[in-house]
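Quick one: dock chain against chain with the hints and give me the complex.
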Amino acid sequence: MASFQSIMKKYPSLLVILLNFQTLLALYEDQVGKFDWKRSFIGKVKYAHFDASRIIVGTEENIIASLNMKNGNILWRQLMENPKEQQLMLLHSDRDLLSVSGTMNNWFVRTWDHQTGTLLSEWTIFSDKNIPSVFTVEKGTLLHIFPTQNSHLDVVTYNLDGNNQKNTIKIPAPWITDISNCVLSKSYYICISKNDISGQLYYVNILSEKPKVYIKTLHSVLGDTPDLIEILPFEDIFPAFLLSSNGQAKVIHVDEDVVNTKIFKVMPNAVSNHNGEKPFIYQLEPASNPDKLVQIRVKDYATCQDEMATELEYPVGLGAPIIIATATKNTLTDVLLSTTDNAFMLVRLSDGKIMWTREEALSNIIAVEFFELPVSELDASIENEFKASSNSILSMLSHRLNTQAKQLSTLIFGEHPMSSSGLVRDAFGLHKLIVVATSVGKLFAIDTLSGSIVWSYRLPNVKPFSILGEDKILLFAQRTARYAPLPAQCILIANDKYSGNGVIFQFDPITGYSQKGIEKLNYQIAQAIHLPYEDDQHLKPVLMISSTNEVYLYPSCAMGEVYKYTSKLYTYLVDNTGSFKGYSFIHSTKDKLKMTPSWELQLQPAKLVAVKTKHPNERVHSQGRVLPDRSVYYKYVNPNLIAVATVSDDPVHKHVLSVYLIDGVTGLILYATSHKRSRGPIHLVHSENWIVYSYFNERFRRTEFAAAELYEGHVQSNSSVFSSFAVSLLPHVQTQSYILPATPLSVTVTLTERGITNKFLLAGLSGGGVIEIPWLLLQPRLNDIPCSPEESCIPYMPEIPLPSEAVINYNQTIGRIDGIEVAPARLESTSHILVHGIDLFYTKVAPSKTFDMLKEDFDHMMIILVLTGLVISSYLTKYLASKKALKQMWK
Amino acid sequence: MANKTQNLRTKWSLDSIRTNRVSAEALASPPGYSSSSVNSNAEVSKKTDVSRLINKKSWDIALAPLKQVPMNLFIMYMAGNSISIFPIMMVGMLFMKPLQAIWSAKTTFKMMETSNAILQMIVYILGNFVNIGLALYKCHSMGLLPTHASDWLAFVEPPTRLEYLGGGMILN
Chain A
1 MASFQSIMKK YPSLLVILLN FQTLLALYED QVGKFDWKRS FIGKVKYAHF DASRIIVGTE
61 ENIIASLNMK NGNILWRQLM ENPKEQQLML LHSDRDLLSV SGTMNNWFVR TWDHQTGTLL
121 SEWTIFSDKN IPSVFTVEKG TLLHIFPTQN SHLDVVTYNL DGNNQKNTIK IPAPWITDIS
181 NCVLSKSYYI CISKNDISGQ LYYVNILSEK PKVYIKTLHS VLGDTPDLIE ILPFEDIFPA
241 FLLSSNGQAK VIHVDEDVVN TKIFKVMPNA VSNHNGEKPF IYQLEPASNP DKLVQIRVKD
301 YATCQDEMAT ELEYPVGLGA PIIIATATKN TLTDVLLSTT DNAFMLVRLS DGKIMWTREE
361 ALSNIIAVEF FELPVSELDA SIENEFKASS NSILSMLSHR LNTQAKQLST LIFGEHPMSS
421 SGLVRDAFGL HKLIVVATSV GKLFAIDTLS GSIVWSYRLP NVKPFSILGE DKILLFAQRT
481 ARYAPLPAQC ILIANDKYSG NGVIFQFDPI TGYSQKGIEK LNYQIAQAIH LPYEDDQHLK
541 PVLMISSTNE VYLYPSCAMG EVYKYTSKLY TYLVDNTGSF KGYSFIHSTK DKLKMTPSWE
601 LQLQPAKLVA VKTKHPNERV HSQGRVLPDR SVYYKYVNPN LIAVATVSDD PVHKHVLSVY
661 LIDGVTGLIL YATSHKRSRG PIHLVHSENW IVYSYFNERF RRTEFAAAEL YEGHVQSNSS
721 VFSSFAVSLL PHVQTQSYIL PATPLSVTVT LTERGITNKF LLAGLSGGGV IEIPWLLLQP
781 RLNDIPCSPE ESCIPYMPEI PLPSEAVINY NQTIGRIDGI EVAPARLEST SHILVHGIDL
841 FYTKVAPSKT FDMLKEDFDH MMIILVLTGL VISSYLTKYL ASKKALKQMW K
Chain B
1 MANKTQNLRT KWSLDSIRTN RVSAEALASP PGYSSSSVNS NAEVSKKTDV SRLINKKSWD
61 IALAPLKQVP MNLFIMYMAG NSISIFPIMM VGMLFMKPLQ AIWSAKTTFK MMETSNAILQ
121 MIVYILGNFV NIGLALYKCH SMGLLPTHAS DWLAFVEPPT RLEYLGGGMI LN
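Protein sequence lines, in the order shown, are assigned to chains A and B.
Per full-length UniProt numbering, the first sequence runs over residues 1 to 891.
Per full-length UniProt numbering, the second sequence runs over residues 1 to 172.
The shape of chain B in the complex, shown without the other chains (with noise of 0.2 Å):
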């Protein structure tokens, strides 16, 4: 295709001084040539690119709890309110996927070979705390929660009596 485009170039050019120039250039190098200066510029593009890659990838592993928030909003949605087996399955799910994560969130940083993750580990972590605030709020609002003065009711102790009463109806 290049040949046949530079073909159709020296086909149809006109101008000698550019054709000149343009099939010096075209021409390839000879076997075993190789420009120092391309070389070392071409090794230093590949290491930039990686590291962007490494450092993509691991916002990428920071954001995804983050990103999960939307979806786990349409599940709570779907979900309802009421108790009974499947949404209690479902709050447990949204309770125990960010705990595991933040249990294994060390783990899952080792595999990014750079030091300086410190920044996405918070995101991740903090993206995690968010779905558990999310899962607080579904168990709030299925009333899970004990934050009414109704659910302590039964820890009340029954208060002490100051004065004791006795006596009735005269006996005769």
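Bound-form chain A, shown alone (with noise of 0.2 Å):
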């Protein structure tokens, strides 16, 4: 025993690589997707190609991927830099694919094998010029071309044999007046001066040796309209551009001092295909049939007739297409279409078929919220006998009858044909069902089991809230599907579109059916509270603040429920600038809520970074630590309390980071301390009695982890009941802070039903994985107790190990994390775990193992072949003794 001391004492890791092997779960091989499944995105795509048997993207998450043309999945996938700075300029596919990609003036090109998506080369390109850009491919040479309005065009031409040879040349544009107004097609690059029929038309090849400026009317060109005239971009063989007035477009051809009108005219959207053997334009237009909302109308190029108009199967949830690329083999054309709510589909013609879709609105997810299954119905018939529902012994005899007729139906015939959707609640809740909301405000809802998309549902004209930077949208339970008969509620809240005002969308999670639709409300939202009361229909009403401070109530029915616990109830709201504001409601009246100011906080001119609060169904099972002489240490655990963090800039310490811990009811801060030549990313995470945070620590340059506990101290002050106003001494609060060798992007702790599991922190890295960290790690060491594995302690280390099989997703990469979202399944050891970025991924943890379940390899068969051998033959040897006996009695 003394020698095991002396080498854990030696080598403190062992006991950690030790303790992991404990409480790690690990997978095995024949385990990988048994538990979790991963669907992969690549956003909404902007470019498009056609390349033999895939189809190649870029998009706007900064992407490339190859997809199959047959069934979309994605052969291969390239993430390049953030899109929020980053963006792909251009998408050429030639022999090899050729992408540009930058922010205002620093860009990477980079060329890539079709094949396999392999990086072949990249270089870079810097402007010292600070104004939006474009590019061009064309004859083998890269065109750089920066418009200054009112002044010249800047064009940089770069040779893509090799050795990316530069020339740069630059022409006299005083016509350039506004870069919306102007387009480039080929290698001409071409502008309207004035959006109507007086303005003129002005086109420059960029490549021809002497750059010469040509100068049409509109008029000329157009001829008379009395609308205004917009210049858009069109794919062409030729260089061409579309002008359209009234909805309704025209094609121009330009060739040096040629402009030719074409005199058909086409949809806006409209697009060319030179692919097959005559050349095509493809529209989309609404059709009459009001089961297929889309047609595609093709347009013969050269003759300018109507070939065919194809009407589309076209799903009813999604929005409204535009063609993204067209291609022709043989007789079959593909159609690319990418619509308003980020689908991406291909489209067969002639008749129409979509061959798949792509919902690429889930690589942006900002809300997500987990809800439980229904029962089955015959479980719901069977609760609702216990129910004082009927009244009459007939009534309640044929009910009983009927539930054990179909209970003996589904015994013999085993499959229960009402459970034909599979969606029924199992026993220990591991099934459940994922309602994300989408930044493009489209609500989906996955099966926990397959990931499968089981309904969607777009929502027209409503945008996300924006705090701190990061969309926002509210989704609350309002009542789960725990009250049979009555059905699940959800509601989401965000803002409309066009006049910024609050929008409520009320639906049933299970079957995404909306009794009311979208809510248009006449006031904005400022914040909304999820009250934990419920009112007679089983429903926990939101009161919603207006920007006003004006509080409403939905349902506005559930008032007189509310009005009780108004005494009780307090609220705060956080600004921008770091101002704090505590409200209580006991001014209100029976019929109106009313918010009345008591506390007000500043922590100007810091900036505010992250604001956090614990859960709200977070249940603290342990109300102590218990230290090794078998006292207790009793844990302050504030529901009410508000974590902080903001980042200051400092002339001596360049930045500085300070968290404080604020009661949200009083405003009285209970703990503030600053880490100084500390900045974001800060992550927060707030549970039970403590809170972790991440930050970047600037003079040792390196991600650090900081973990601080709060405790009452050895005696508790009142063990019933806990109150912000009965503060007779501020909590002790333990500290320590360690190294996290890694980036992470979203930091959150693991949550079960009752609270008794242990705890893990959940952290995603930059990396792509999703690392479990246990609590027991972080949590500060206290100074005068001796900490060894005797007393069931980790020493301190300052380094966090972080073990390979401590990432849950093993080798699945999730690309760019976002957010990582936790619900308790019905199992006290489980927590589901969904993570979102650019791909989904979903799993369950169980922190201290599975306590409460069998393992999965437990021989049922073993212990049922034992069990009924021993009674067998304990009843044969009862037999054999007493004619033992007997005989001997007879000697």
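Don't take every hint at face value.
[Said to hold, decoys possible] Dumping the calculated DMTMM-like pairs for lysine to aspartate or glutamate here, alpha-carbon to alpha-carbon at most 25 Å:
{"#": "1", "chain 1": "A", "residue 1": "564", "chain 2": "B", "residue 2": "163"}
{"#": "2", "chain 1": "A", "residue 1": "84", "chain 2": "A", "residue 2": "128"}
{"#": "3", "chain 1": "A", "residue 1": "594", "chain 2": "A", "residue 2": "550"}
{"#": "4", "chain 1": "A", "residue 1": "463", "chain 2": "A", "residue 2": "60"}
{"#": "5", "chain 1": "A", "residue 1": "568", "chain 2": "A", "residue 2": "600"}
{"#": "6", "chain 1": "A", "residue 1": "186", "chain 2": "A", "residue 2": "154"}
{"#": "7", "chain 1": "A", "residue 1": "568", "chain 2": "B", "residue 2": "163"}
{"#": "8", "chain 1": "A", "residue 1": "540", "chain 2": "A", "residue 2": "508"}
{"#": "9", "chain 1": "A", "residue 1": "612", "chain 2": "B", "residue 2": "163"}
{"#": "10", "chain 1": "A", "residue 1": "540", "chain 2": "B", "residue 2": "163"}
{"#": "11", "chain 1": "A", "residue 1": "329", "chain 2": "A", "residue 2": "51"}
{"#": "12", "chain 1": "A", "residue 1": "516", "chain 2": "A", "residue 2": "372"}
{"#": "13", "chain 1": "A", "residue 1": "844", "chain 2": "A", "residue 2": "688"}
{"#": "14", "chain 1": "A", "residue 1": "849", "chain 2": "B", "residue 2": "151"}
{"#": "15", "chain 1": "A", "residue 1": "594", "chain 2": "A", "residue 2": "536"}
{"#": "16", "chain 1": "A", "residue 1": "594", "chain 2": "B", "residue 2": "163"}
{"#": "17", "chain 1": "A", "residue 1": "329", "chain 2": "A", "residue 2": "351"}
{"#": "18", "chain 1": "A", "residue 1": "590", "chain 2": "B", "residue 2": "163"}
{"#": "19", "chain 1": "A", "residue 1": "581", "chain 2": "B", "residue 2": "163"}
{"#": "20", "chain 1": "A", "residue 1": "278", "chain 2": "A", "residue 2": "300"}
{"#": "21", "chain 1": "A", "residue 1": "194", "chain 2": "A", "residue 2": "224"}
{"#": "22", "chain 1": "A", "residue 1": "568", "chain 2": "B", "residue 2": "157"}
{"#": "23", "chain 1": "A", "residue 1": "592", "chain 2": "B", "residue 2": "60"}
{"#": "24", "chain 1": "A", "residue 1": "265", "chain 2": "A", "residue 2": "285"}
{"#": "25", "chain 1": "A", "residue 1": "329", "chain 2": "A", "residue 2": "113"}
{"#": "26", "chain 1": "A", "residue 1": "46", "chain 2": "A", "residue 2": "372"}
{"#": "27", "chain 1": "A", "residue 1": "70", "chain 2": "A", "residue 2": "85"}
{"#": "28", "chain 1": "A", "residue 1": "568", "chain 2": "A", "residue 2": "688"}
[What the hints assert, rightly or not] These stretches of chain A come out as covered by chain B in the derived footprint (C-beta under 8 Å, 3 or more residues):
{"#": "29", "stretch": "563-572"}
{"#": "30", "stretch": "617-627"}
Derived from the structure by calculation, the hints contain no laboratory data.
For glycine and all other residues, C-beta sits at the position ideal for the given N, C-alpha and C.
Structure below.
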């Protein structure tokens, strides 16, 4: 034992490895994909090219990918820089794939292999001009054009034959009035000077030896039209563009001096296709058929005749489409469509069949809620029996006979017919429905078992809120599926795209059915509070605060119920500048809720970076920490605590990170600390009686974790109720900080039904892994108390070990992790995890292992055999023994 | 041997009076003769002896548990305070023995056919209680008794909250 201890003292990491082996739930190879699933996305498609049996796409997420034409699956995908900073500017498919992506003055030019997506070459372009520019590839050169308004065009050409030779020319162009009035087509830069018929058309061939500017009046090009004129790009084999007015457009070809206006009119979304034997123009139109909403009209390019119009089997839920690319092979034409709700689909003409659809909206999830499924009809009818719904004995008898007949039939025939959808609750609550809201305002319900989309609902003209630079939509579960005859109910709160007022969308999260549709409000929403009190319909009302501090209730009929609790209800609002305001509702009347200011706090000039409260459904099972002398150190579990992080600039320390713990009811600052020379990104986790935050330490240039834990002391002041007003002593704070040898993108903590299970921190790392870190590793060690394995305490180590077994998504890299959502299962040991980013990854974690469940490989057969064997043998021996006794008697 | 001493005494004795008395006393009683007084005396002494023996025996039984105390203390010391199978078994034995003994105290004392063993029984039971006390002390020193606040921590209900707080960043 002594030698073991000495080994432990010498190699503390060994201990951690041993402990980790006990606590971690690593997967076996045959368990891959058994509890988890991953869905990969690419984002909204911006550019697409057909390439043999593949489709090469470039997206707004700064991603290049290749899709299988047959089923739309990703063949390869390359993630480039963060799309918030860098955008894809050009995707050119030639012998190799060429992409240009970058910021305003700094671009990466990359070539990729079509087959494998391997990066072949990469070089960068820098520019000192801070103006928007465009790229194009023409005749083996990369053209980079900077239009300077009312002045000139700077054109930089790069030879793509390997040496990237640079050549700069300057074309005087005082006629550029607005960049939105200019298009680039092949080597022509084309502008209109005004948006009406009095304007003029200017164009210049950049690649000619001496670029000459041609000037034409729009009147001579377009004829007479009273409407506004817009210039739109048009993909063609000649330099061409569209002039659109009043929803119709004309195709115009330019070739040196000649301007050729096609006589036919097209829709502004028209595209040309020169792949087949004859060139065609495709355009999308609304169809007259009420079942098929969209049709594709095909026009012969040469003769301008309508060739055909195909009505598409267009799914009802999708938004308006645009054509991204077309290709013709033999007699079949493939059309790629992208919709306003970011879906991407392949349509095959001439029958207009949709081959596949990719729901790319899921690459940008901003709100997640987990829902328990309803019980099966049979269980529901059994439950109803115990409710006093039926009064007479006869009806109760018939009800009972009915349910038992059903039970018998299910017993005999096995499969119950009513659960054909499979969406029924299981015994352990492991099967749930995830409702996600995406940034384009589309709702999806995803099955946790299979990862398939159960239903989707597009909310038109809905805009997410923005908090600290992040999009946010509020989703509240007003009623779960537990109250059998009543359906589950969820509400979504967002902004109207045009008016900026709030919108409410109430729906059944299990079926996606909405009774009322989108309800528009006539006020701006500043904040919404999900109340914990249920009304007689088991609905938890949502309290909405308008930007003028008016209070509204949804549903408004719950007023009577809420009024009873107004003396207990408090709220706080934080604005972007870091000013906190606390309110109470004590002056509310029976018909109107009223906010009364109670406290105020200013954190200026520091910049607010994070505000976190605990998960509202969190339960704390253990009220204290047991010390080695078997006494209890009671936790300070304040449910009204707000954790706040700010970063301020400092002349000496560059950046100073401050963290505050504020009681939201009284406004009392319970704890404040600061870290010098530390800056964001800050990830703040707040749970039970502790907070953990990660920050970047500028002094040592590394990411650090700091943990702070609050304790009441060795006696609990009041063990039955907690009130924020009853403050006799400030809580004791224990702190400790650690080095995290990785860059976290999102950090969260596991949540279980009753809070008995240990806590794990889940950190989504920049490398695409999600790692679980036991809270025990981060929990501050108490100073005056020895810490050794005997006290079941892991000695302090500055660096947090990140063993590869702790990566919960093993080798399934998740692109650009945005957030990790956690929900408890009905099984205490388990929580559901949904990691979202470019990809979606779902799994279950059990921080204390599945202590409440038999192991998967538990041998039921064996134990049944052994038990029956024992019973039989005991009866046999009893019989034999009596026989023997009888024989002995006769002797 | 008695005869021999008598012979020796007769041989060496000079005192005639004494010799006579001695010889007269030394004479064996005739067969069938029995002096009633002597008889009655022997009977009485025998009777008191048996009751004394029973008394003694019952006290032996009553004090047995107490006599075991030093032995138990020694075993306890030897077993140590670590929680493993042998000390647990030992503690179990320490508990079981006196409990069983108290249970069967009546049958133990039924063997004594005397009715006045109440005191012994009380002492016996007390002795067993001393042993149980020892076992409890052992449990305590092994940390098996829920005597600390931490042992009841799992049963402490979380306090109900008086205030409910909602809110957050202003949405825009």
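Outcome of the hint check:
Taken as a hint, the residue 564 of chain A and residue 163 of chain B pair is honoured in the structure, with Cα atoms around 13 Å apart against an allowance of 25 Å. Taking the CA atoms of residue 84 of chain A and residue 128 of chain A, the gap is about 21 Å. The hint holds against a cut of 25 Å. Proximity of residue 594 of chain A to residue 550 of chain A is assessed by CA-CA distance (about 7 Å); at most 25 Å being required, the pair is judged to hold. Between residue 463 of chain A and residue 60 of chain A the CA atoms are separated by roughly 18 Å; this keeps the pair inside 25 Å, and the hint holds.
Our distance criterion of 25 Å between C-alpha atoms is met by residue 568 of chain A and residue 600 of chain A, whose separation comes to about 19 Å. As the CA atoms of residue 186 of chain A and residue 154 of chain A are separated by approximately 16 Å, the hinted pair is consistent with the 25 Å bound. For a cut-off of 25 Å, the pair hint linking residue 568 of chain A to residue 163 of chain B stands: about 5 Å separates their Cα positions. A C-alpha spacing of about 14 Å is found between residue 540 of chain A and residue 508 of chain A, which places the hinted pair at or below 25 Å, so the restraint holds.
For a cut-off of 25 Å, the pair hint linking residue 612 of chain A to residue 163 of chain B stands: about 18 Å separates their Cα positions. With a CA separation close to 17 Å, the supplied pair residue 540 of chain A and residue 163 of chain B stays within the 25 Å bound. Only pairs whose Cα atoms come within 25 Å are accepted, and residue 329 of chain A paired with residue 51 of chain A is accepted, the gap being roughly 11 Å. Our distance criterion of 25 Å between C-alpha atoms is met by residue 516 of chain A and residue 372 of chain A, whose separation comes to about 23 Å.
Of the pairs offered as hints, the one joining residue 844 of chain A and residue 688 of chain A holds, with about 21 Å between alpha carbons and a cut-off of 25 Å not exceeded. For a cut-off of 25 Å, the pair hint linking residue 849 of chain A to residue 151 of chain B stands: about 23 Å separates their Cα positions. Under the criterion of a C-alpha separation no larger than 25 Å, the hint pairing residue 594 of chain A with residue 536 of chain A is consistent with the structure, at around 23 Å. Using a Cα cut-off of 25 Å, the hinted pair residue 594 of chain A and residue 163 of chain B holds, with the two alpha carbons roughly 17 Å apart.
Using a Cα cut-off of 25 Å, the hinted pair residue 329 of chain A and residue 351 of chain A holds, with the two alpha carbons roughly 15 Å apart. Distance check on the hinted pair: residue 590 of chain A and residue 163 of chain B sit about 20 Å apart at the alpha-carbon level, within 25 Å; holds. A distance of roughly 17 Å separates the Cα atoms of residue 581 of chain A and residue 163 of chain B; the hinted pair therefore holds under the 25 Å criterion. In summary, the hint linking residue 278 of chain A to residue 300 of chain A is supported, as the alpha carbons are separated by about 7 Å, within the 25 Å threshold.
Pair hint residue 194 of chain A plus residue 224 of chain A holds up; C-alpha atoms about 15 Å apart against a cutoff of 25 Å. Annotation: proposed proximity of residue 568 of chain A to residue 157 of chain B holds, straight-line Cα distance about 21 Å (limit 25 Å). This hinted pair does not check out: residue 592 of chain A and residue 60 of chain B have alpha carbons roughly 87 Å apart, beyond 25 Å. For the hint linking residue 265 of chain A to residue 285 of chain A, the alpha-carbon distance of about 13 Å falls within 25 Å, and the restraint holds.
For the hint pairing residue 329 of chain A with residue 113 of chain A, the CA-to-CA distance comes to about 23 Å; that is within 25 Å, so the pair holds. Proximity of residue 46 of chain A to residue 372 of chain A is assessed by CA-CA distance (about 37 Å); at most 25 Å being required, the pair is judged violated. About 34 Å separates the Cα atoms of residue 70 of chain A and residue 85 of chain A, which puts this hinted pair outside 25 Å; it is violated. Taking the CA atoms of residue 568 of chain A and residue 688 of chain A, the gap is about 21 Å. The hint holds against a cut of 25 Å.
With 6 residues having a beta carbon nearer than 8 Å to a beta carbon of chain B, the stretch 563-572 of chain A meets the requirement of three or more and the stated coverage holds. With a threshold of 8 Å between beta carbons, the proposed coverage of the stretch 617-627 of chain A by chain B holds, since 8 of its residues qualify and at least three are required.
The structure does not agree with the numbered hints 23, 26 and 27 stated previously, though it agrees with the rest.
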